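Colleague: Taken in sequence, the protein lines are chains F and Z. Count the first sequence with the working numbering and you get residues 1 to 174, in order. Count the second sequence with the working numbering and you get residues 1 to 812, in order.
Check the hints yourself; a few may be wrong.
Quick list of in silico lysine to any residue cross-link-like pairs, SDA-like style, CA-CA up to 20 Å [unchecked claim]:
| id | chain 1 | residue 1 | chain 2 | residue 2 |
| --- | --- | --- | --- | --- |
| 1 | Z | 658 | F | 121 |
| 2 | F | 143 | Z | 723 |
| 3 | F | 143 | Z | 14 |
| 4 | F | 143 | Z | 725 |
| 5 | Z | 16 | F | 10 |
| 6 | F | 143 | Z | 399 |
| 7 | Z | 658 | F | 123 |
| 8 | F | 143 | Z | 661 |
Example chain Z residues on the side facing chain F (calculated, C-beta under 10 Å, incomplete) [claimed, not checked]:
| id | residue |
| --- | --- |
| 9 | 305 |
| 10 | 309 |
| 11 | 715 |
| 12 | 717 |
The set of hints was computed from the structure by calculation and includes no laboratory data. On a predicted model such as this, the values are computed, not experimentally measured, just so you know. Ideal placement from N, C-alpha and C gives every residue a C-beta, glycine not left out.
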Amino acid sequence: MRITVTVDGTKYTDDVEPRTLLVHYLRERVGKVGTVVGCDTSNCGACTVHLDGHSVKSCSVLAVQADGCEVTTIEGLARDGQLHPVQQAFHDNHALQCGFCTPGMIMQSIDLLADNPDPDEQAVREGLEGNLCRCTGYQNIVKAVRDAAKHMSPGAGPDAEKIEQANHVGVGGE
Amino acid sequence: MTATIEPEVGKSRRRKEDERLITGRTRWTDNIALPGMLHLAVLRSPFAHAKIVSIDTSAAKGLPGVVAVYTAADLDPEGAIGMPCAWPITPDMAAPRRPVLAADRVNFAGEGVAVVVARSSAEAHDALEAIEVEYDELPPVLDLEAALAEDAPLVHEELGSNKNAFWVFDSAEAGTGGNVEEALSSSEVVLKRRFRQQRLVPAFMEPRACVVDPTGAQLTMWSATQVPHILRVMSALTLGIPEHRLRVIAPDVGGGFGGKIGVLPEEMMTVLVANKLGKPVKWNESRSETMLAAHHGRDQIQDITISAKADGTVTGLKVELLANLGAYNGLVGPGVPILGAFMFNAIYKIPAYHFACTNVFTTTTLTDAYRGAGRPEATFAIERIMDELADELGMDPIELREKNWIKHEEFPFTTVCGLTYDSGNYEAATEKAKELFGYDALRREQKERRESNDPVQLGIGISTFTEMCGLAPSRVLGSLDYGAGGWEYASLRMLPTGKVEVTTGASAHGQGHETAWSQIVADQLGVPFEDVEVLHGDTQSSHKGLDTYGSRSLVVGGIAIVKAAEKVVAKAKPIAAHLLECSEDDLEFSGGKFTVKGTDSSTTIQDIALAVFAAHNLPDGVEPSLDSDATFDPENFSFPHGTHLCAAEVDTETGRVKLRSYVCVDDVGKVVNPLIVEGQVHGGLAQGIAQALFEEAVHDESGTLTTGTFADYLLPSAADLPSFTTDRTETPSTTNPLGAKGVGEAGTIASTPAVVNAVVDAVRHFGVNDIEMPLTPMRVWNAVRNGTPDAGGPGGEAGGGLGSIDASGGAQ
């Protein structure tokens, strides 16, 4: 099936097998290998991306379901050489160790902050329940999300990605 | 090129590693794609124990995209390849061959029986379903005690027994202490307990993967491994590849925790297939495969007897272990319980000690190293039984520990098993932890809740610990029959621009070596932190080493860096003297600068690097290079310690456990980067708490793993854990120049008994003196209801058999 998807601001048109999962499409066809696969039961959240401004586990979405949509991956977050405030907060608060869960954790945190710009500790913990980390014990991740909240301007969540992508001139792709 | 003055060691530096990890510009093994690369998928046995009657691969071979389908007969027709075990713990240890693919018999559910190679991973997995294997089922061997019965079905018929090895240490025989039987028969209190270390899954987040490229001058293997150097030598030995023709790269590796220490059949089969086809081949496993076929950890039955005087002075300790190895010897699997042998005595002065371990084969996934390897198991048993002893004697558990621990003025102290602890201050750590925790106030609250019959009871758990860290002293490892040494390697190169390239043999998988090593080098050479680049995980650039496990990176690998840096400074000194036209004796080196004593005449080591590169004006006979390498093999282990306190609220009506607060004060000696240390402690705590409360790998009665995905195996999420209060005391190690002790396993080792002690403490007045891990609400509720340890484990009869032991728990 032919699909057209905008990934990190660039429009791609591809033929995909109907069974292709979005995560495999992103990794194998678009080359966005920053998004990773950690499990096969949608439990770990390592593959979390934004689909039209909301976080999804890209292992539980078919590529064909993303037809006509905008996808933001970890690789599309930093703009003009500037890290996204959540990326910066993860670095500042030592919220990662091996870093394998980190892309999904960051993407989920951004969506969480879009819903609740000033979450307390419990809200962050519950908001990240679908993303597993084995290294950090989560404490610094929670700290990073709350720290990022302080540095994010209102509307700096996934909605901002949509606006920015709409203004983005498509380069590359097909 | 200005020299830094402020010391880097001790600073909470943000990590250099983070930049690529937070932007997705990482190089995981699964990200590697090579021209013409094929994909390998493994067909795995659904049965725990069966004869393979036939394998029909013809249908699979004809499917779209399929390039080849192989069985053991194709990959290893002579049956000559056996996976290595590096730790033959006794001369008569049973060592059944572990094949790359099972040929005529499978010995655990998940063992590989055939592989498909296809153009895409999806096509390879499709084709697996078309392979027809006829099995003739054999009785599984699952229960550790039943496996040792005379008439037990055998995992490996040719061995005639399911026993792998029997290993014993006795302090009277070793001359390090008294006779345990005498201590037990002459003491006023003797307490015996059986504890179960449930089977755990290391659960690194990145599944295992391997890419092999045979098309270059060398065979290149990328692997999600924590031991690239060991993998290289073991692959060479296993497959007969000349070592110098094999390059192993561990690119970014997504966690290990001991779980990526193996040398894998999948890695070997990928090499064999790539060589056969002359094309790059990738194997990348799904999480379900990881759960089935990557090794598990723990899985021991511990019978432990302690004796004491009425005043609480411990007089003897006897430990009898049954350790489940699974179906074969793992790379270091047989040695894991042996590491524990040296840690059951923990921080205590125990006059007599006897340890005996029987390793057992069963038809289950292999067990091998998992965070702490042997030491968490030992610490759990001693810290649990110390609590039981305190209860028996009517003492406060901290008071009992104080009575028996090594006092800070008694270091160095040689323990009953012959290890010499160099330094420690258990008093200071405990005092600080008690204060942060609010011990006395919590005890008061506990009393109130008991008196008011509050449905939510409060328990306080303590765990003090030490561990033998920095797995190293090669002579000691040799005396334990470990197959390799424990040294570590580093090299250091000053580049023409004054930048420094450092290689370490301690290959990292998330611990932040690039940052910590940069800090060490910055101080040693007096160069800016940013001017240091750390290379690791590639046997070509970092060509020698023994990798990362057992908290050895800093205390062995970090010291090798110090040694290499000292050599570079020594090499630069005559050049500096030549350039400054003075005698070497008149020079002093500080902050990256050689200065002529009493003058302002100086030159920096970074300037010397350029002078060496130009080589226009060097002293006679000096080679134009400013580099060095060093190998460090310490004289002794290091012994970090700590005191952990946990307050748990137990809902007696539902069995739910909530951790109200967790405080730990760890002493890991001198700290290079407090930020990294704190992060390691957090992660370790989460893993240890998870063993206490959540995690267990369960096989059903047929030997099928029923916790085979993250949907069934309860890895805690952020919502399942509290925030921790962590702090430190700092008693430097006296046996290495950094004074460091190692931190990777501390949190995991200490937290499991702290949590279980807290929960048992909360409900002890219901007559409960033990609850089997993990402390699920059902088990806690049952314990409260029955006033005895829970009899039923999720393993049905296998688990149930363990619950009936010594429930009375009194003195014997």
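Colleague: Next item in the hint list is residue 305 (chain Z). Is there a CB on chain F closer than 10 Å to its CB?
Modeller: violated, 35 Å
Colleague: Is residue 143 (chain F) within 20 Å of residue 14 (chain Z), Cα to Cα?
Modeller: holds, 15 Å
Colleague: Quickly compare the C-alpha distance for residue 143 (chain F) and residue 723 (chain Z) to 20 Å and report which way the hint goes.
Modeller: Holds - the C-alpha atoms of residue 723 (chain Z) and residue 143 (chain F) are around 10 Å apart, at most 20 Å.
Colleague: Quickly compare the C-alpha distance for residue 143 (chain F) and residue 661 (chain Z) to 20 Å and report which way the hint goes.
Modeller: It holds: about 17 Å lies between the C-alpha atoms, which stays within 20 Å.
Colleague: Less than 10 Å between beta-carbons is the criterion; does residue 309 (chain Z) satisfy it with respect to chain F?
Modeller: With a minimum Cβ separation of about 40 Å from chain F (threshold 10 Å), the hint on residue 309 (chain Z) is violated.
Colleague: Using Cβ atoms only, decide whether residue 717 (chain Z) comes closer than 10 Å to chain F, and label the hint accordingly.
Modeller: Nearest chain F Cβ about 5 Å off; hint holds.
Colleague: Close enough to count: is the Cβ of residue 715 (chain Z) nearer than 10 Å to one in chain F?
Modeller: At 5 Å from the nearest chain F Cβ, residue 715 (chain Z) passes the 10 Å test, so the hint holds.
Colleague: Compare the distance between the alpha carbons of residue 658 (chain Z) and residue 123 (chain F) with 20 Å, and conclude whether the hinted pair is satisfied.
Modeller: This hinted pair holds, its Cα atoms lying about 17 Å apart.
Colleague: Hint check: residue 143 (chain F) vs residue 399 (chain Z), CA-CA at most 20 Å. Holds or violated?
Modeller: The given pair, whose Cα atoms are some 36 Å apart, is violated under the 20 Å limit.
Colleague: Taking 20 Å as the top limit, are the C-alpha atoms of residue 16 (chain Z) and residue 10 (chain F) close enough?
Modeller: Distance ~29 Å between residue 16 (chain Z) and residue 10 (chain F) Cα, so the pair is violated.
Colleague: Given the proposed pairing of residue 143 (chain F) with residue 725 (chain Z), does the C-alpha separation stay at or below 20 Å?
Modeller: holds, 13 Å
Colleague: Straight-line Cα separation of residue 658 (chain Z) and residue 121 (chain F) no greater than 20 Å?
Modeller: Holds, at about 16 Å.
In terms of the numbered hints stated before, the structure departs from hints 5, 6, 9 and 10, listed from lowest to highest.
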